[in-house]
Amino acid sequence: MKKIMTVLAVSVLLLPLYSISIERGREIINEVDENTTFSGIDLSAQLTIISEDPSDGIDKSKVLQFRNDDDDKFLMLIVEPVAQKGQGYLMIDDNLWFYDPQSRKFSHTSMKEQFNDSDANNSDFQESSLIEDYDVIQVEEAKLGSFDVYKIVMEANNNEVTYPKQILWVTQKNSLVLKSEDYSASDRLLRTSYYPSYTKAADTFIPNKMIFIDNLVENKKTTITISDISVKDLPDSLFTKAYVERVNN
Amino acid sequence: MSWILVRIAFRNLREHLAKTLIIGSLIMLGVMLLVVGNSFMDTIQKGIEKNYTENYTGDLFIVNNSVEEISLIFSYDAMSKGPRSVPEYEKVEKIVNSFDQVDKTTGQLNGLATAKWGELGEAFVVLFGVNPSSYTRMFPDGVNILEGSFLPEDGSEGIVLSKTVAQQFSDTAGQQIQVGDTILLTTINTVSGAKIREVTVRGIHDYGDASFDLQFISFIDENNLRIMNGMVANNIEDLDLEETEKEDLGNVSEDELFSLFSDENLFTVTDDVSSIQDDDDYDSLLGDTSDRDIALEVDPHAWNYLLVKLADSGDTDSMVRKINRELEKQGIDATAYPWIKGAGMSAKLADTLSIVFNVLIIVIAIVAVIIIMNTLVISVSERFSEIGTMRAIGAKKNFIRKMITLETMMITLTFGTIGVILGIITLVIFRMVGIEATNQFLQILLGGDIFRPSISVSAIFTSVISVTIVGIAASLYPVSIALKISPLEAMNKG
Amino acid sequence: MNNILKIAYRNVKRQKRRSNLLGLAIAFGVMMIVLVNGLTSGLIDNTMRNFETLLGGHVYISGDVMLSNKKVVNRITQVEIVDAVLPSVDSYVKEYQKRSAIEGKFIFRSNVSQQVVYGIDWDEEQNLIESLKIVQGSMDGIRDEHAIVIPEKAAEELGIVIGEEFLISFENVTGQANVGTFVLKATYEDVSGLGFTASYSDIGYINSLLSLEENEFQALSLVLYDMNMMDPVAAMIEEGIAEQGGYLKPESDEDENDPQSQMQAMFSSGVDEEPWDDTRFEVGTLNDFMDAVTQIVAILQGIALGVFLVMLLITMVGLINTFHMIMIERVKEIGTMRAVGMLRRDVSKQFIAEGMILALRGAFFGIAAAIVITLIVSLFTIPPESDFGFILNNGKISIIIEPLSVLMILIIVSVVTLIAVWRPSRKAAKMSPADALRS
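Protein chains in written order, with my numbering: chain A, 1 to 249; chain B, 1 to 494; chain C, 1 to 439.
Think of the hints as simulated: they come from the structure by calculation, not from any bench.
Worth double-checking, as some hints may not be accurate.
To be verified - Listed next, the stretches of chain B that the computed footprint assigns to chain A, with coverage defined by at least 3 CB atoms under 8 Å from CB atoms of chain A:
#1 94–108
#2 183–193
#3 283–289
What the hints assert, rightly or not - Label pairs and their in silico Cβ distance ranges:
#4 Glu103/C with Leu241/B: 34 to 44 Å
#5 Asp255/B with Asn157/A: 56 to 66 Å
#6 Arg345/C with Tyr477/B: 50 to 60 Å
#7 Ile58/A with Tyr225/C: 52 to 62 Å
#8 Asp100/B with Leu305/C: 58 to 68 Å
#9 Ser39/A with Val116/C: 34 to 44 Å
#10 Arg246/A with Ala233/B: 25 to 35 Å
#11 Trp276/C with Ser259/B: 24 to 34 Å
All C-beta atoms, glycine included, are put in the ideal place defined by N, C-alpha and C.
Let's have the full structure, built from the sequences with the hints guiding it.
Structure representation (structure tokens):
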């Protein structure tokens with residue numbers, strides 16, 4: 001509570017000088033949400049995930065992702081490493097099926113599990129609604145590299161979201177998030193994410209690259225490169241167990 | 001000469017009948033306690049051996065040096081950062097078998113999985129991957145099959161469920177799982193990711209209640225567990241990074257990251273560059289999958305542990321040292337440990353309790369022996385005047401020594417034998433009545449539900465011989481004092 | 001009477017060798033009984049204490065709260081119910097331990113290790129402080145807010161030394177990510193050899209990290225005077241909570257003692273639970289968690305009793321026999337005494353006095369020797385890598401000599417001596433002086 005009061009006091013003091021209105025901040029966040037939703041479109045892309053872990057070394061994996069958010073359908077096929085090629089995760093509503101091509105068997109898996117133990121959580125691949133969970137506390141104009149951005153400080157409006165505080169750097173021009181910082185309940189920086197470039201497909205912006213830096217464990221980082229982005233309609237036959245089996249033949 | 005000696009000794013004993021009986025009864029009690037105590041110790045030792053070394057640990061085992069947290073039941077350590085098998089297994093096997101003391105060896109694989117049977121049946125299994133022929137040769141009585149049979153000898157797939165796991169399936173599914181049913185095992189490893197295997201239930205076994213940490217152990221064919229553990233022959237570890245990917249490694253500079261682009265070129269507008277033209281193209285997305293088959297080929301010599309059974313369990317510690325010396329000399333990154341190091345918590349607790357038990361029995365034995373000694377010392381001390389008289393009438397020192405020795409031997413042997421008989425009777429009564437081990441730990445210690453001490457022949461011999469030797473020593477000491485002083489003095493004493 | 005004692009004492013002194021030997025036998029027997037008795041009670045005490053500290057008490061009260069998103073978190077919100085119930089069992093309880101726990105990643109630079117930290121009220125848990133075998137650093141500053149003591153192995157894994165700061169990353173009770181900073185004050189060694197490893201820090205700080213109130217706690221463990229009272233006390237608390245209108249976790253169909261259901265609980269993620277308001281209480285005992293501990297203690301108690309009885313038997317038989325033997329030897333002497341006009345009654349009394357002097361003198365020496373040996377034994381430490389750490393007190397063998405059992409041993413020795421001397425003394429006293437002299 002004390003912390004919040006301090007932040008409030010500081011922001012009140014700064015208000016007449018730099019600050020943009022909180023209301024404007026909410027509008028920007030709303031745009032950010034809209035920019036990153038995939039409603040109305042299907043999406044397919046290839047993700048290359050490189051994780052650097054000081055104790056486990058460097059790991060590379062490549063996956064194909066297909067999603068139809070309107071119908072709550074999601075399919076992911078592993079391409080690399082070779083030993084895991086063809087393993088598939090098929091999600092329809094809340095059911096997640098895992099396929100092992102070696103035994104040609106499916107199994108039901110829980111949604112909660114971390115995605116391949118990287119710094120990226122499952123939630124990073126899903127739709128998120130910042131405006132529902134966060135209040136904008138402070139907005140100010142800032143520079144990030146060569147970009148003019150708004151730096152938006154947000155605090156969670158309930159105590160059940162993972163990160164109680166986030167700071168976003170959003171381009172003034174297109175409302176694209178370039179950088180975000182996630183903070184813990186004790187106001188410690190946990191994770192810094194960078195989104196240095198985007199692809200615009202239909203009316204949705206999709207980051208080409210995402211870099212997640214673990215701010216607690218030194219030298220721990222995950223880089224996700226997204227390529228072969230397509231928003232073409234995907235056939236329903238794709239989101240079936242039969243397809244997952246077929247693609248492995 | 002010796003005949004006379006025996007007669008004199010015998011007459012002496014009869015003359016001091018009351019004293020003889022008193023000393024004798026003490027010796028009898030001592031010998032009886034030694035026999036019973038030794039037999040208890042033997043039974044407990046065998047109980048632990050039966051439960052562990054002859055059931056699943058062997059006398060010693062060999063494991064990869066990088067596994068720090070060793071457990072033959074399950075070690076997270078052995079799985080968390082890639083499967084760690086015994087390096088150069090065949091060579092290690094050869095080294096171990098080159099020792100004459102080594103009786104048998106077998107490999108063991110470990111794993112964890114969740115299991116599903118049909119739609120509803122769910123269970124959690126701890127897996128032992130074994131070679132059925134060498135495993136059953138090493139532990140002929142180790143696996144107690146309740147239903148069906150052990151894993152097929154020809155190495156074909158299968159699982160032998162523990163009673164507890166089978167019960168779990170039955171509880172969750174609402175019906176009894178049968179031999180011949182198939183179940184799905186799911187697990188995850190760092191090499192080949194998540195794995196699903198379908199296996200046929202070949203049998204149901206039971207380790208018994210006593211070894212509570214073994215109750216989830218189910219046996220599976222070695223090939224299936226290797227696949228589940230990601231123990232592959234061709235480790236394609238080469239990290240294949242493209243140039244741009246290499247550039248992305250290491251520290252991130254915010255300035256660099258955000259100065260390359262500007263608002264104008266921050267995003268590229270895609271006109272859909274997807275190569276997929278029609279729906280059939282989706283079917284060939286993964287392309288050739290033959291490289292996967294090579295990557296997944298299992299290493300047939302990958303084992304987490306090499307278990308070793310010795311001809312004589314007593315050699316365990318010395319053999320561990322010998323094998324470790326040899327492994328080090330050959331530069332193999334593996335270490336041998338005595339069975340107790342890997343046998344799990346119940347074994348450690350039971351082993352400690354058996355040590356406590358044995359120490360206390362030894363203490364009791366020592367106290368008994370010392371009290372016998374003391375009584376003998378007192379009894380001989382009482383005879384100072386008698387010894388003096390005998391010396392005065394011309395008996396040689398040697399004669400007196402022999403006489404007393406003979407007397408003591410006669411007492412200890414006679415009453416020792418009675419003690420042995422009483423001890424055996426006690427043990428037989430114990431065996432017949434049987435002490436029920438109501439407590440799981442007692443069951444481990446005593447090797448079964450009902451405690452029936454075995455009668456140890458070696459214990460009988462050691463008891464009688466040690467009491468005799470101690471008796472002679474105890475009586476000769478005061479005699480030597482008596483002989484040192486002059487006959488006259490001795491007569492006046494005591 | 002005084003006269004008889006004097007003569008008896010003189011006799012004891014006159015027969016130096018015999019008296020010494022007999023005294024030595026008694027002293028040795030008594031010493032061994034005292035030592036073995038003390039050793040077994042030490043073993044039992046250590047085993048119970050080691051498991052008590054490792055598993056934190058005998059009876060546990062914990063609570064679950066269901067959040068609006070159906071997530072279940074470990075928390076007791078209705079502390080007043082617990083407070084109302086506790087006085088009814090207070091007479092059985094030796095110690096109350098209020099703890100909170102964090103399960104998370106310990107992070108030091110690039111090194112990460114998954115561990116559990118207990119929040120401890122250090123003022124209440126003197127036992128824990130004593131039972132931890134400190135390898136590096138000291139517990140002096142452990143009451144500081146950020147201070148923590150961690151297992152030696154975890155420190156090695158993290159590559160951290162005393163005085164350095166590290167992070168613990170975890171989720172608080174509502175599911176928010178949180179990070180605490182901790183200063184390593186001390187590392188300890190797991191002397192139990194059973195692989196229980198937890199870290200300990202101040203409960204105030206742990207609570208603030210977990211978003212709990214300062215005086216809140218996640219679990220209350222009770223250390224009882226008598227661990228056999230575990231189940232009755234747990235039942236009383238459950239009854240009390242129900243009476244106070246608290247909601248108790250319904251008994252599951254499966255047997256709570258069954259490790260199988262515990263395993264299932266560990267691996268399944270609480271599916272489809274009926275929602276509830278406030279705190280759902282759960283009362284557990286050490287037995288639910290580790291049946292083995294009570295079993296081990298029961299076995300040790302059995303062994304202790306058995307050994308005590310056998311030792312007593314040996315010493316008794318030895319004592320009786322030796323006295324008998326001495327009496328037989330002394331028939332002549334008795335004759336002389338009777339001849340010089342001593343009364344029968346006095347002869348018998350004097351014999352008894354002699355025996356008692358011998359026995360009690362021996363017993364006192366025995367007890368003294370046992371105390372000396374205890375002191376010597378306490379100087380040695382058994383290397384903690386040994387597999388039997390759980391029966392030791394920080395690697396030391398404990399021999400607990402209880403005054404009451406010493407008194408009992410003295411009484412038993414006296415009674416045994418009386419029995420041993422009674423018959424021969426009567427026999428001797430009955431003898432006519434002439435017969436005695438002749439034999």
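Status of each hint after checking the structure:
Counting residues of the stretch 94–108 of chain B whose CB falls under 8 Å from any CB of chain A gives 0; the rule of at least 3 is not met. With 5 residues carrying a beta carbon less than 8 Å from a beta carbon of chain A, the stretch 183–193 of chain B meets the three-residue requirement, and the given coverage holds. Taking a C-beta to C-beta cut-off of 8 Å, the stretch 283–289 of chain B contributes 5 residues in contact with chain A, enough for the three needed, and the coverage statement holds. The supplied range of 34 to 44 Å is met by Glu103/C and Leu241/B, whose beta-carbon atoms lie about 35 Å from each other.
As the Cβ distance of Asp255/B to Asn157/A is approximately 34 Å, the hint placing it in 56 to 66 Å is violated. For Arg345/C and Tyr477/B, the Cβ-Cβ distance of about 39 Å falls outside the hinted range of 50 to 60 Å, so the restraint is violated. For the pair Ile58/A and Tyr225/C, the beta carbons lie near 58 Å from each other, so the given range of 52 to 62 Å is met. Distance hint check: the CB atoms of Asp100/B and Leu305/C are about 46 Å apart, inconsistent with the given range 58 to 68 Å.
At about 43 Å, the CB distance of Ser39/A to Val116/C agrees with the hint of 34 to 44 Å. Checking the proposed 25 to 35 Å range against Arg246/A and Ala233/B shows it holds: the Cβ atoms sit about 29 Å from each other. Against the hinted window of 24 to 34 Å, the Cβ-Cβ separation of Trp276/C and Ser259/B comes to about 56 Å, which falls outside the hint.
Of the numbered hints stated above, those contradicted by the structure are hints 1, 5, 6, 8, 11, listed in ascending order.
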